[in-house]
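K.L.:
Assembling the complex is the task here: the two chains are given apart, and the hints tell you how they should meet.
Quick note, the sequences are listed as chains A and P, same order. Sequential numbering from 8 applies to the first sequence in my numbering. Sequential numbering from 1207 applies to the second sequence in my numbering.
Hint data in this document are derived by calculation from the structure and do not stem from the laboratory. Source: prediction; values computed, not measured. Only true hints are included.
Calculated pairs, BS3-like style, for lysine-lysine (alpha carbon to alpha carbon, straight line, at most 25 Å):
#1 P/K1365 with A/K62
#2 A/K62 with P/K1301
#3 P/K1357 with A/K358
#4 P/K1342 with A/K380
#5 A/K62 with P/K1342
#6 P/K1258 with A/K244
#7 A/K376 with P/K1342
#8 A/K62 with P/K1357
#9 P/K1357 with A/K330
#10 A/K239 with P/K1294
#11 P/K1295 with A/K244
#12 P/K1294 with A/K97
#13 A/K358 with A/K330
#14 A/K62 with P/K1375
#15 P/K1294 with A/K244
#16 P/K1258 with A/K239
#17 P/K1301 with P/K1357
#18 P/K1301 with A/K97
#19 A/K376 with P/K1258
#20 P/K1301 with A/K358
#21 P/K1295 with A/K239
#22 A/K308 with A/K323
#23 A/K97 with P/K1295
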Amino acid sequence: MPDKEEIIETKLVTMHMGPQHPSTHGVLHIILNMQGETIVDIEPDIGYLHRGTEKIAENLLYHQFVPYTDRLDYMSAMSNNLAYVQAVEKLLDIEITERAKYIRVIAAELSRMAGHLLALGAWALDLGAMSILLYAMREREVVLDIFEMICGARMTLSYLRVGGVRYDFTPQCKEACERMLEIFPPRFEEYERLLIGNRIWIQRNRGVGVISAEEAISLGLSGPALRASGVKWDIRKDEPYLVYDRFDFDVPTGENGDCFDRYNMRFEEIKQSMRIIKQALKDLPDGPFNVDIPQIIPPPKPDVYKNMEALIHHFKYVSQGFKVPRGEIYSSIEAPKGELGVYIVSDGTEKPYRLKLRVPTFMNLQTVKTMSKGRYLADVIAIISSLDPVFGECDK
Amino acid sequence: MSAAVMNIEDSVLVRKVREAFIGQIIETVVFRGEVTHLVDRTTVRNLCNFLKIDPDLSMNFIVDVAGADYYGENPRFEVVYHLYSIRKKHRIRVKVRVNEGETVPSVTSIWPGADWPEREVYDMFGIAFDGHPNMKRIYMAEDWEGYPLRKDYPLRGYKDRYNPNGEEKEPESITD
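One chain only, chain P, in its complex shape (with noise of 0.2 Å):
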């Protein structure tokens, strides 16, 4: 087990990606044999075009963009990116942390496949991505208020007409 855990310390996953980044990524966590880099919004866009057109990483799937609502902390959320190579058959995962109401640089120019997800979590979570070309909802209606898998978001919704056995609704925690 820790013979495996050294080999993917010094793997391309880790070595090649700190050594183009010097001080650009914030933490490296290696956890059950998968790599996972920390970076700013700033740097997102380079890392991810490094991780595809660089030969020893050459990320050419993008696999999902995920994000998650870490409530209370700051920054706020967090935007995981999940990628694969289908050639090197290894897989990589990025992740930015965004305050509300701050965008990440969207990846669709690298991977046109990252616009869906891109718009589930603008969706879910309300962070909306620059440079994405079609940014609006996908799931739920262009009308809906609120973002649904925000952790401040009720379980059963808000109440109105439609939905009687909703949460009532305070005036400042719709933001939008």
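Bound-form chain A, shown alone (with noise of 0.2 Å):
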């Protein structure tokens, strides 16, 4: 026994924080230098689920690389498939119809809200706070359940094609829309009392990872949590693409660049797309979803069992793809998470001769290191929640 008290001296210690943590969010690997509970020094350490998307893409016919983006940001496929299918589109050089550009908005903004829905309550169950994640998953099936009407599937969905999307969006998807476009708005408030009337979530999120807008800008922070340090851009407003100048909706900005700002901003967007679909269900023009182009258009899957000449087109499309013009583009998006873009080099064939997707969970985890800076170690958990990272899109 000592004869007098000691004080134990803290060291630095490394500590290894993933890739099986329950709240990275997937295999997010994080080495802290810690001081005692307070972070001197961290460093994202990623690329466990690199499956080396850019290089399948070389070797791949433009139309067979859809599938891919899907498993991209998984938790909202549509944004990923928009993303892609604009870009190859801008290289051809052609117009999609009136009818797909609509659809495309409703089918984007469905996935914008899935995504931040499963955002929001993944990061309450983070946080301890575990009755949101089950409310969120309820309301994120319903979305999916709509996404099944559209096109048959959940999760990777493959809707939108080069030319237009796959399927007719049917008067039954509309009204499963306007459905939920209803019985939304009360749970929703639901959800805000639940999460802006706890104290422990507030405290949590309150003052916490704070950021201020040029570190943001500097650093490449885009999308919601660019926004909540209050930075006015987001590439719907300011490059509209598709049709998004003709809706009315506004861009949320936060003040104080904290986790709780980030969490404010996801949840003003979910219900701001809920504007946009409510405008584009009711300004839906009829027409053909798809251009008159046989080249990158399939023809319907119920003749190509019927006709010769549909079958034979089917087999050209399928075996051979389609020619696109010698040059490079670039071409993005507003995804949930922020720029999504598409980097393509085409050498005149079918196949891109060099494709590299811009991601934004990948630059918007380099922030997490100022963010993070000096606070403790139960913060880091609501900074990387309130980023919203999602693995399969950030090691492509």
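P.N.:
The structure is reproduced here in structure tokens:
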């Protein structure tokens, strides 16, 4: 026994969190340098889910790559489809039909809702509020049911294709969307009461993971996380694609750039998505949902079984694909997590020479370092959740 | 359509950059409304700095740094910078050509966000960046051999005990 009480000296300790950790949203491995419970330095280590998607793309026909995009940000597959097919269409220099544009807007916004709902649910779960996860999953189920009605799949959708969409948006789908728009608002009010009325939720998020607008911009942060720092930049507004310029919706921005603001952005964006869907459903025009270019559009599936020409057409499409003019383009959309861009170099053949994906999660994760320095370990959980990383996308 | 093309060729993205770097821009391409400047690797840092601080351009957001392998050409690789201005709402692309073993100056001091994408280019193509604070692999394991996105890297990888379907390794195909 020592004579007098000794103060235990704290040493710098290096700790590993993940890759198998329930709060790291997949396979994020973080190396933390800790002084007691304070973080001195933090280094995210990624790549555990690297599948070489870009290399795969170089060896596939243009239309064959669409299903691979589903597996990037698998929480909002429609947005990924949209980013890719829009890039190919820009390279082809074709204009899709009005109806297809509206269907794509609805699909992308539904996808944003599904993505944000899961982000909120998982975030609350990480901070100990389990009931919100169950509620968010229930609501996401409604969105996934609509997806199933639209294209038969729930997660890996591959609904958007080069030149349009795969199936028509039926009146039943429209009804389902309208039903969803009716039942969601009161439920969201309930969540807001549950979360904003919860002292623990507020204390664990407010003032945590603060990042200033200048820092966020210089580190390449985008999407709702950047808007939480007060930067009003939304690609849907600033470089409108599809028909976003025809809809009336707001771009919410925060003031403090902390986790609580990032939460508010996501919640507000779900509401804005619902506004957009409502207007798009109202204005949805009739007409074809694909462009009339047989080389890039497969024939309707029932015809393939009955009609010889359709069978030949189908065979040519599947086996040979279509040629894309020589050149290079970059096309980006506002995905739920930020700017999702596709850079394609074409050498004039049926396969991309080089395809680079600019994925928001990858760039956003760089800011974890700035946000976490000097904070406690428990704050890192909130910070990571507030960036909503998905590793299918980050690791490509 | 032609009016829009004329317009962009006369815009600050083309005119101002070409005037500020006379003789240093190797090639300017406008395709589908996108402006691309090809420069030498000795110019790229100055150009990036100019693009960021010039008030008419103010490219304050680094969108991405990408690599591309033009196997069989000389110089073999291309490093592509995508930049965006949140204030001016315009985009520009800057390209640099490098050969194997050559380095490109890092732009991390201009945009700290270039840190990870530059590491990705290094990881996938083996192009090192001069002045990068942490130049190491990002996706692949530290002891990985070869650079996966190079055109001479086999699609299924090299054969080893974890990858029985891979291709047999030729001794001279691995350079480092």
